[in-house]
Amino acid sequence: MTDNARALLTIEHLTMQFGGLLAINDVSFNARSEQITAIIGPNGAGKTTLFNCITGFYNPTVGRLTLAHPTHGDVLLEQLEGFKTSQFASVARTFQNIRLFTQMTVLENLIVAQHNKLMRASGMTVLGLLGFPVYAQAEKAAKEKAVYWLEKTGLKDKADWEAGNLPYGDQRRLEIARAMCTEPVLLCLDEPAAGLNPNESHGLNELLVKIRDEEKIGVLLIEHDMNVVMEISDHIVVLDYGCKISDGTPEFVRNDPVVIRAYLGEEEDDEIPPDVVKDLHLNGKNGDGTSKGPA
Amino acid sequence: MTDMTMDAPEPLDFGAMLKEAGITAGVMLLLAFFMVGFKTLDVTGGIAIEYQFGSVVMVGFLGFVGRIGLILLRENRPFPVLVITAPFAILAILLLLSTIISALFGSAPSTTLRTVFDFFSPFPALPVTVMIYLVVSIIAIRSLIAFLHSRQHEAATASRLARADQLGATVKNLSRFLGPLLLVLAVIFPFTDMATRQYLDIGILVLTYVMLGWGLNIVVGLAGLLDLGYVAFYAVGAYSYALLAAYFGVSFWICLPFAGIMAAFAGVMLGFPVLRLRGDYLAIVTLGFGEMVRVILLNWYEFTGGPDGLSGIPRPSFFGLPFKRYPAEGTESFHTFFDLDYSSSHRVIFLYFLILALAMLTNLFTSRIRKLPIGRAWEALREDEIASRSLGINPRNTKLTAFGIGAMFAGFAGSFFATRQGFISPESFTFIESAVILAIVVLGGFGSQLGVVIAAIILIGLPEAFRDLQNYRMLAFGMSMVLIMIWRPAGLLAFREPTIRLFAKKAHQAGDGK
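For the record, the sequence lines run as chains E and X.
Each residue of the first sequence is one higher than the last, beginning at 1 in our numbering.
Each residue of the second sequence is one higher than the last, beginning at 1 in our numbering.
Since the hints were made in silico from the structure, they are not lab data.
Everything numeric in this text was worked out from a predicted model, so none of it was measured.
Any given hint could be a false lead.
Result set (EDC-like, lysine to aspartate or glutamate): computed pairs, CA atoms no more than 16 angstroms apart in a straight line [unchecked claim]:
hint, chain 1, residue 1, chain 2, residue 2
1, E, Lys117, E, Glu144
2, X, Lys371, E, Glu139
3, E, Lys84, X, Glu385
4, E, Lys145, E, Glu214
All chains should be modelled from the sequences, with the hints used to inform the complete structure.
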């Protein structure tokens with residue numbers, strides 16, 4: 001929360017182009033450790049594309065993404081192969097449309113998340129296959145870690161359920177728990193509050209604040225629910241049509257006229273000039289459908 | 001919950017009933033006309049056609065009557081169905097009992113019953129008659145249940161569903177004991193009187209397919225990679241052994257691991273180009289790979305013998321002791337070493353135990369590896385590749401290990417096949433083999449170890465049981481497949497046991513079975 005702390009993630013001149021479509025246009029910002037950085041913007045603003053660039057699903061057209069990793073030093077995320085973003089750079093993510101391993105149990109989902117650690121402990125399967133105690137111990141530790149996160153997310157009594165059978169809100173929390181089991185330094189959450197009722201979304205706020213304060217990691221959050229965003233974020237970045245239009249504290253962003261215009265449209269645009277109305281023969285017929293602006 | 005409406009069914013719509021039954025009969029007539037109506041006969045100087053229109057009409061009639069029975073059952077009128085089917089069911093039961101009794105006490109079966117039965121069996125082949133009687137008996141039992149049911153005013157659907165659930169749970173619990181039980185049966189089988197040469201051979205065949213099924217289960221069931229070219233690895237294993245033995249004279253026990261390694265290598269080779277494919281596309285490419293291997297074996301005449309195949313593949317020895325009646329001077333053979341009388345069945349029994357051990361090795365390996373990170377990563381990749389990637393699982397290596405390990409077991413099975421047959425040719429490794437192995441996995445229920453065993457017994461055993469049907473063997477086989485897919489669309493035993501639990505299971509916990 002201090003300005004002199006070094007940024008955890010530095011994004012410089014990030015541009016992502018799909019053919020003729022410029023999804024992200026020269027976006028630069030920083031995200032700090034022990035802070036929740038929210039990325040907001042209208043639909044189609046390029047938020048999820050930004051996430052996909054950070055988490056290694058897309059290779060950005062232009063730009064540099066530097067992660068100040070506590071043990072591996074500075075890591076250039078854009079140069080890492082997809083799965084290495086999690087394995088090496090410790091960046092974890094969740095998905096807008098929940099992606100759990102639905103036929104596996106809740107506990108198994110959390111154990112799979114600790115794959116790389118367990119893989120090393122099982123001596124690349126050989127030791128585990130021969131029943132060496134090294135692996136049994138590692139699995140026990142992995143289970144304890146899973147239980148820790150199950151307790152945090154309130155899913156412990158459903159540990160042996162098939163993940164696909166969980167209610168929607170639990171699935172959202174399980175996905176966060178799964179991401180946390182990879183021991184990330186940066187957690188990227190893509191609309192974690194989507195589809196939650198006010199009660200659940202309040203619980204989510206508490207969970208995210210706890211993750212920030214207790215685990216001391218950086219959280220990057222895409223969210224449409226402004227209650228969540230304004231309540232818990234330390235820093236907000238606003239995107240519109242692939243460009244960054246605002247960047248600052250919640251207070252600053254809330255009152256930024258550029259942001260208000262992006263979200264609500266401009267007052268002047270409300271009225272259609274009289275000569276256009278005349279040309280289109282719109283006199284009172286389709287007036288509702290054509291006018292845009294604040295309700 | 002007494003539902004009185006069940007007692008007062010709506011009046012029957014005879015027109016609709018006849019129409020439905022008529023359509024059924026029509027479809028059956030049409031099918032039977034082509035499949036049963038003609039029969040080719042070998043006569044001197046060519047082939048003649050014999051017409052069997054009597055059977056065709058019989059099929060149509062049975063279809064018609066059977067459909068009416070089912071409609072009456074559906075419309076809550078079990079009584080007439082019961083009256084008509086019960087005599088046949090009783091006849092079938094009596095006949096079954098008399099057969100069992102005569103088999104137990106060694107007396108001849110009752111001739112009167114036999115005559116009655118012969119009179120009522122319009123089809124020449126016994127299995128068809130048996131099946132018709134079976135179906136009639138099932139309908140009779142259903143109508144009896146429905147009849148008693150309607151008299152007792154018992155609660156309808158809800159309790160029936162609850163009972164079905166209970167039954168499912170019981171089957172699940174039983175299956176835990178079924179695995180070890182089957183293993184014990186498999187071990188003692190060769191020492192029983194039933195173990196004739198023919199049954200031992202069938203046993204070896206079934207076990208080979210069980211092993212192949214378990215191996216393919218790693219690729220298809222666990223990793224979710226639909227592989228239609230699995231037989232290629234089987235072929236690589238078989239030819240590895242045959243060629244190593246032919247060119248270097250190496251023994252079976254040294255070749256076995258080599259064959260596995262070669263097949264695993266082939267698996268990884270195939271894996272690389274298909275990493276990005278999934279589903280239908282993966283299936284097509286693997287199918288092509290399977291054919292490629294066969295065509296190479298067929299055309300590389302100088303090396304593989306082409307269509308002539310490789311013969312004179314050395315038989316396995318009992319850890320160095322050959323199964324020969326007259327061992328070479330100064331050496332011992334199995335029967336002289338153990339002071340037994342020579343018997344040609346020693347080798348067959350040994351082969352039987354060899355494939356049993358190999359299959360159990362596959363099973364043990366699979367059930368262990370499921371609980372290791374690599375096994376869980378396979379399942380995670382099957383469920384969602386993108387999520388797996390976001391968790392730091394390397395999709396490339398994970399898929400390649402699945403291909404490699406699955407292929408390795410096919411390689412073991414292939415080298416066993418070569419040593420058992422003593423002769424191999426590309427004929428043995430056609431696409432249909434891949435299809436059968438995949439069918440075993442699908443039928444057993446993806447990922448279910450015990451299901452594979454049962455499916456292999458059904459798929460390999462049934463065609464043997466249907467031998468009496470001659471030309472219609474595969475027809476009956478197809479029909480049983482259709483029936484299984486209607487009753488158990490997700491496979492015979494489709495349930496997944498979690499690899500790790502937080503809370504101990506409430507039900508009795510037993511070994512992970514076979």
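Hint-by-hint comparison with the structure:
1. Lys117/E x Glu144/E: Given pair Lys117/E, Glu144/E holds - Cα atoms ~14 angstroms apart, limit 16 angstroms.
2. Lys371/X x Glu139/E: Holds: Lys371/X and Glu139/E sit about 10 angstroms apart, inside 16 angstroms.
3. Lys84/E x Glu385/X: 14 angstroms, holds
4. Lys145/E x Glu214/E: 15 angstroms, holds
Taken one by one, the earlier hints all hold for this structure without exception.
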